[in-house]
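If you want the building blocks of each chain, they are given just below.
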Amino acid sequence: MGKFIVRRLLLLIPILVGLSLLIFLFIRLLPGDPASAILGERATPESIAQVRAALGLDRPLHEQYLEYLGGLTRLDLGRSFLTNRDVVGDFLQRFPATFELTAAAMIFALGLGIPLGMFTAKRRGSWIDQAGTVISLVGISIPIFFLGLMLKFLFAINWQILPDSGRIDLVHYSFERITNMMTVDALLAGSPGGFVDALRHLVLPGVALGTIPLAIIMRITRASVVDVLNEDYVRTANAKGLPGRIVDNRHVLRNAMLPVVTVIGLQTGLLLGGAILTETIFGWGGVGKWIYDAVVASDYQVIQSGVLLLALIFVLVNLVVDVSYAFLNPRIRYS
Amino acid sequence: MSQASATIGAERQERSVGLWADALRRMRRSPAAIIGATIIGFFVVVAIFAPFIAPFDPTRGNLADSYLPPSWEHPFGTNVQGQDVFSRIVFGTRLTLGIAVLSVVIGVSVGTFFGALAGYFRGWVDAVIMRSVDIMLSIPGLLFAIAVVTWLGRGVVQIAVAIAVLNVPIFARILRGSLLALRETDYVTAARAVGVRGPTLLLRHMLPNALGPLIVQATLALATAVIDAAALGFLGLGPPDPRTPEWGTMLSDTYRYLNSAVYLAFFPGIAIVLSVLGFNLLGDGMREALDPRLRR
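First to last, the sequence lines map onto chains F and A. Residue numbers for the first sequence follow my numbering, beginning at 1 and rising by one. Residue numbers for the second sequence follow my numbering, beginning at 1 and rising by one.
These are calculated hints, taken from the structure and not from any lab test. Yeah, the Cβ is synthetic: ideal placement off N, Cα and C, and Gly gets one too. Heads up, some of the hints might be wrong.
[As the list claims (entries may be wrong)] Beta-carbon label-pair distances, calculated as ranges:
# : chain 1 : residue 1 : chain 2 : residue 2 : range
1 : F       : Arg74     : A       : Pro240    : 50 to 56 Å
2 : F       : Phe119    : A       : Phe42     : 30 to 36 Å
3 : A       : Pro213    : F       : Gly71     : 53 to 59 Å
4 : A       : Pro240    : F       : Ile48     : 34 to 40 Å
5 : A       : Thr200    : F       : Pro259    : 35 to 41 Å
6 : F       : Ile13     : A       : Arg204    : 46 to 52 Å
7 : F       : Leu82     : A       : Asn62     : 35 to 41 Å
8 : F       : Ile48     : A       : Asn62     : 43 to 49 Å
[To be verified] Residues of chain A placed beyond 10 Å of chain F at every Cβ, according to the derived structure:
#  : residue
9  : Ala21
10 : Ile34
11 : Gly41
12 : Pro69
13 : Arg122
14 : Arg131
15 : Ala190
16 : Leu203
17 : Asn209
18 : Ser252
19 : Ala265
[As the list claims (entries may be wrong)] Covered stretches of chain F, as calculated for chain A (at least 3 residues, CB under 8 Å):
#  : stretch
20 : 14-21
21 : 145-152
22 : 250-263
23 : 276-282
24 : 292-303
25 : 307-314
Assemble the whole structure, with the sequences as input and the hints as a guide.
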């Protein structure tokens with residue numbers, strides 16, 4: 001087990017070096033000069049040279065890369081071209097909001113996807129199963145932004161039963177931001193009303209972001225449970241008279257969950273990318289909205305660093321998933 | 001193929017159809033594949049005959065006609081510029097299918113090239129290519145596409161390239177995996193034993209047998225490409241000319257006045273969902289038809 005984790009950690013190094021190199025080159029190879037992008041069209045050659053020197057763009061590439069790497073180790077990814085604010089600081093301030101949203105989406109996807117997958121697998125071939133297959137395929141085919149817009153129109157604008165944007169009702173609830181996750185902060189501040197309001201704000205963006213993972217998890221769970229149901233040990237468990245619920249939970253679900261765990265890791269990438277769309281539609285002040293604003297304003301420094309930081313989080317989540325997979329599956333642990 | 005079927009000839013005698021004929025036969029029996037192919041066929045026809053189907057010029061609008069709700073004259077209504085939404089969706093089919101096909105063609109070509117190099121040569125070539133694949137796959141897809149488009153600048157070809165970049169590592173990994181498995185098969189050993197070497201072995205004997213998973217993935221990649229292209233458009237990274245009819249951009253135009261004109265978002269969205277569903281159904285049907293384990 002220890003060996004496996006060490007090997008997996010060592011594999012991270014080339015990925016991280018490659019990522020940093022890719023993103024370093026990204027901004028250096030941009031068509032047009034970052035300096036002229038900052039200064040706009042009316043910049044004089046002198047002022048461009050000045051900004052280039054200030055950004056270190058006039059030095060040899062390898063020197064620039066080493067300094068960039070040095071900055072990385074100090075968690076210094078530069079400053080926004082536009083606001084001159086520290087990029088890492090801005091990211092860390094916004095990330096809890098994105099984390100809260102993706103966690104809500106994942107809870108929705110897992111909480112509904114696994115039982116539905118199990119349910120349809122046990123009725124394999126029935127009309128319920130076929131309906132489930134069709135619905136999950138439609139779920140995979142709906143773009144997040146379209147689903148988000150339609151949910152917003154129906155529930156927030158037309159029926160007005162859920163808030164249309166934002167993370168909390170700022171007029172009624174103001175409490176100290178400790179973790180910057182509204183649900184957690186509301187609880188810490190002892191405001192049950194605030195907690196409920198924060199949850200209500202989470203529903204629409206969480207469902208919009210979680211629907212594709214829900215459909216994928218449902219499909220994977222179904223396929224995996226169908227495989228496990230054919231195993232000898234399930235027949236044995238049934239034959240020796242174990243109650244159905246115990247067979248389901250102890251024998252079927254535990255073994256069927258392994259592929260699902262892998263998919264959870266892969267879905268994180270989809271969620272982090274999808275967060276840009278969801279946060280834009282629902283005015284959710286997280287990393288996604290921040291990157292979207294940077295795209296609109298051509299703030300390359302924020303785009304490249306935001307992408308790097310989200311990729312880093314994606315890689316780390318997959319590391320955790322792989323390790324937990326090895327923990328769950330003894331066949332990997334001992335090989 | 002001929003050597004392989006000779007060795008197991010006895011029990012295959014009664015039904016000795018090739019893999020492709022067999023796959024096609026089973027696809028014709030799969031409802032998913034048929035519905036998917038019908039939907040895609042429909043969109044292809046719309047794309048080809050767009051000028052005959054669309055009642056209005058998609059780029060020209062009359063400001064006096066802005067925000068007309070759906071009617072006989074404008075079945076899907078008109079947008080803020082008074083352009084006919086139905087005509088824009090019809091012409092948008094061309095752009096969407098074009099970007100999807102272009103991005104998958106680039107992605108498959110480049111991806112299979114590197115995948116073939118890695119799977120055939122092994123050693124350090126394999127190591128370098130596969131580590132690069134790992135790096136590319138470690139960046140969440142849509143973010144990567146955004147980064148590439150901001151880097152290349154806005155434009156239709158740039159969007160296709162950005163989406164192709166996402167596909168390259170996927171196809172490289174699939175082909176490499178198939179080639180590694182094929183290396184160990186008896187017919188490749190047999191071909192080697194009679195002196196087949198190098199490109200002939202790769203192109204004649206190995207590649208044709210690795211095509212199945214590639215074709216399935218390519219079809220599913222078309223679905224993702226449609227979504228990604230629309231997502232880029234929605235985020236304001238679509239074609240630079242705002243008059244260009246692009247489904248994602250059409251959605252993005254409208255989300256600020258959802259309450260007054262929801263039909264503006266509804267119809268382009270349905271077009272996206274339908275085309276994506278078509279490619280997904282077709283891909284799923286193909287996967288089942290080409291999977292030898294599911295053969296009966």
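Results for each hint:
About 38 Å separates the C-beta atoms of Arg74/F and Pro240/A, a value inconsistent with the hinted range of 50 to 56 Å. Phe119/F and Phe42/A have their C-beta atoms about 33 Å apart, which keeps the hinted 30 to 36 Å range intact. At about 42 Å, the beta-carbon gap between Pro213/A and Gly71/F misses the expected band of 53 to 59 Å. Under the hint 34 to 40 Å, the C-beta atoms of Pro240/A and Ile48/F, about 25 Å apart, miss the expected range.
Evaluation of the 35 to 41 Å hint for Thr200/A and Pro259/F yields a pass: the beta carbon distance comes to about 38 Å. Evaluation of the 46 to 52 Å hint for Ile13/F and Arg204/A yields a failure: the beta carbon distance comes to about 40 Å. Roughly 38 Å separates the CB atoms of Leu82/F and Asn62/A, a value that falls within the hinted 35 to 41 Å. For the hinted restraint 43 to 49 Å between Ile48/F and Asn62/A, the CB-CB distance of approximately 45 Å keeps it satisfied.
Against the 10 Å criterion, Ala21/A stays outside the reach of chain F, whose nearest CB is about 27 Å from its own CB. Ile34/A, annotated as away from the interface, keeps every beta carbon of chain F farther than 10 Å; the closest lies near 14 Å. Remark: the non-interface label on Gly41/A is consistent with the geometry, its nearest Cβ contact in chain F lying 17 Å away (cut-off 10 Å). With a least beta-carbon separation of about 15 Å from chain F, Pro69/A lies farther than 10 Å from that chain, consistent with its non-interface assignment.
Against chain F, the non-interface label of Arg122/A holds: every CB pair exceeds 10 Å, the least being about 18 Å. Arg131/A, annotated as away from the interface, has a beta carbon of chain F within 10 Å; the closest lies near 5 Å. Separation of Ala190/A from chain F is adequate, the least Cβ-Cβ distance of about 32 Å exceeding the 10 Å criterion. The beta carbon of Leu203/A sits about 30 Å from the closest Cβ of chain F, which is more than 10 Å, so the claim that it is off the interface holds.
Taking the minimum C-beta to C-beta distance to chain F, about 25 Å, the non-interface status of Asn209/A holds against the 10 Å cut. At the 10 Å boundary, the C-beta of Ser252/A falls inside the reach of chain F, the nearest C-beta of that chain being 8 Å off. Here Ala265/A does not stay apart from chain F, with its beta-carbon only about 5 Å from theirs, under the 10 Å limit. With 4 residues having a beta carbon nearer than 8 Å to a beta carbon of chain A, the stretch 14-21 of chain F meets the requirement of three or more and the stated coverage holds.
Using a Cβ-Cβ cut-off of 8 Å, 5 residues of the stretch 145-152 of chain F lie near chain A, which meets the minimum of three, so the contact claim holds. Beta-carbon proximity to chain A at under 8 Å applies to 0 residues in the stretch 250-263 of chain F; the threshold of 3 is not reached and the given coverage is violated. As drawn, the stretch 276-282 of chain F meets chain A at 4 residues by the rule of a beta-carbon pair under 8 Å; at three or more, the given contact holds. Given as covered by chain A, the stretch 292-303 of chain F passes the check, having 6 residues with a CB less than 8 Å from a CB of that chain where 3 are the minimum.
Counting residues of the stretch 307-314 of chain F whose CB lies closer than 8 Å to any CB of chain A gives 4, so the stated coverage by that chain holds, three being the minimum.
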